[in-house]
Amino acid sequence: MRRREFLIGAAAAAGLARVTGWSAVRAQTRPDQAKLARVAIMSLSFNSILKNPSQPDNPARTLDIMDLGEMYADRYGVHNVEMQHAHFPSTELSYLKSFRERLAKTKSQVTNINLEFGPQNISAADPALRQQAVDRTKEWIDCAVAVGCPRIMVNQGQPTPENKEVAIAALKAMGDYGKTKNIMVAMENRGGGGARGATAPAAGAPGAPAAPAPPASPALPASPAPPAYLILVEIIKGSGTWANCDIGNFPDQETQHAGMRAMFPLTDGNCHVKINPARYDLAAALKLTRDLGYKGLYSIEAGGGGAAGTDPHENVQRIYDVLIANI
Numbered sequence: 008m009r010r011r012e013f014l015i016g017a018a019a020a021a022g023l024a025r026v027t028g029w030s031a032v033r034a035q036t037r038p039d040q041a042k043l044a045r046v047a048i049m050s051l052s053f054n055s056i057l058k059n060p061s062q063p064d065n066p067a068r069t070l071d072i073m074d075l076g077e078m079y080a081d082r083y084g085v086h087n088v089e090m091q092h093a094h095f096p097s098t099e100l101s102y103l104k105s106f107r108e109r110l111a112k113t114k115s116q117v118t119n120i121n122l123e124f125g126p127q128n129i130s131a132a133d134p135a136l137r138q139q140a141v142d143r144t145k146e147w148i149d150c151a152v153a154v155g156c157p158r159i160m161v162n163q164g165q166p167t168p169e170n171k172e173v174a175i176a177a178l179k180a181m182g183d184y185g186k187t188k189n190i191m192v193a194m195e196n197r198g199g200g201g202a203r204g205a206t207a208p209a210a211g212a213p214g215a216p217a218a219p220a221p222p223a224s225p226a227l228p229a230s231p232a233p234p235a236y237l238i239l240v241e242i243i244k245g246s247g248t249w250a251n252c253d254i255g256n257f258p259d260q261e262t263q264h265a266g267m268r269a270m271f272p273l274t275d276g277n278c279h280v281k282i283n284p285a286r287y288d289l290a291a292a293l294k295l296t297r298d299l300g301y302k303g304l305y306s307i308e309a310g311g312g313g314a315a316g317t318d319p320h321e322n323v324q325r326i327y328d329v330l331i332a333n334i
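So the sequence shown is numbered by this note's numbering: it starts at 8 and just counts up by one.
Treat the hints with caution; some may be incorrect.
[As the list claims (entries may be wrong)] With a straight-line Cα cutoff of 20 Å, these simulated SDA-like cross-link-like pairs (lysine to any residue) come out:
no., residue 1, residue 2
1, 244, 114
2, 171, 135
3, 145, 186
4, 114, 44
Bear in mind the hints are in silico, worked out from the structure with no lab data behind them.
Quantities reported herein were computed from a predicted structural model and do not represent experimental measurements.
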């Protein structure tokens, strides 16, 4: 190629990159379609820049939900969109239909909806809160049907051996309704994989109990609490629902691999992927998914949209690069 033609071509490529936000340039080096078809991206990853009706004048919020699928497709070549339920500004059937049609223009679709109802969850102590969780989940199962989404994920609250049976009953009610609509209901592991206990007041502080007398003999060491994923697996099996394994929600690599072996056989075909090199090797975890015969989606969760001053697009890109290299 002559030097003048090379310079013109390079300048055109650079200009195109500026106009399209990297989409054209990255398209030339994208992985094969079989890999891209197994990648999803959570809307939570862009929470910091998604437009929010409650903050209409926030200059940081530049991304409209209606443009989410097009951005995923243009920048990453990804057509699977995982949504937070709170990111839908409306649940009117007309709006959900419009959103589905907008995604279809880029051959994209909603692949999962995450439901976060706070105290309304399957393990709430108050039966009224559990019933509200069931009722609201049924409504969102209908929303999933409207947007063409095959699965939803619910928040489990804080399941324990003591509330396991009521949690199973509530989750079963959700799952049974989902089955009538061909929608899978799933839960993920949360909290880093370990139970958290409340901190007691210091001895002598207001409201603190009197210090107990010294024991007559040395106390036996307390038995370690079982990993949190084990009670979750029991609830999933007991309710006939599914698991959405979050690869990043384990406290260390040993627990991660054990938890993955327990949860992936129950998969709904979706899992969450994060990077946390202080706790685990993501490449090793992805290799384990292959060894376990996993054929489903890997959904990128890049925090809650990034800390102040960070670019959520690049946060997603870092996970994307490791994911594409290892699936």
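Is the Cα-Cα distance between residue 171 and residue 135 20 Å or less? holds (17 Å)
Distance restraint between residue 244 and residue 114, which requires alpha-carbon spacing of 20 Å or less: violated (34 Å)
Given the hinted pair residue 145 and residue 186, is their Cα-Cα distance within 20 Å? holds (11 Å)
Would the pair residue 114 and residue 44 pass a check requiring their Cα atoms to be no farther apart than 20 Å? holds (11 Å)
Of the numbered hints listed earlier, the single one contradicted by the structure is hint 1.
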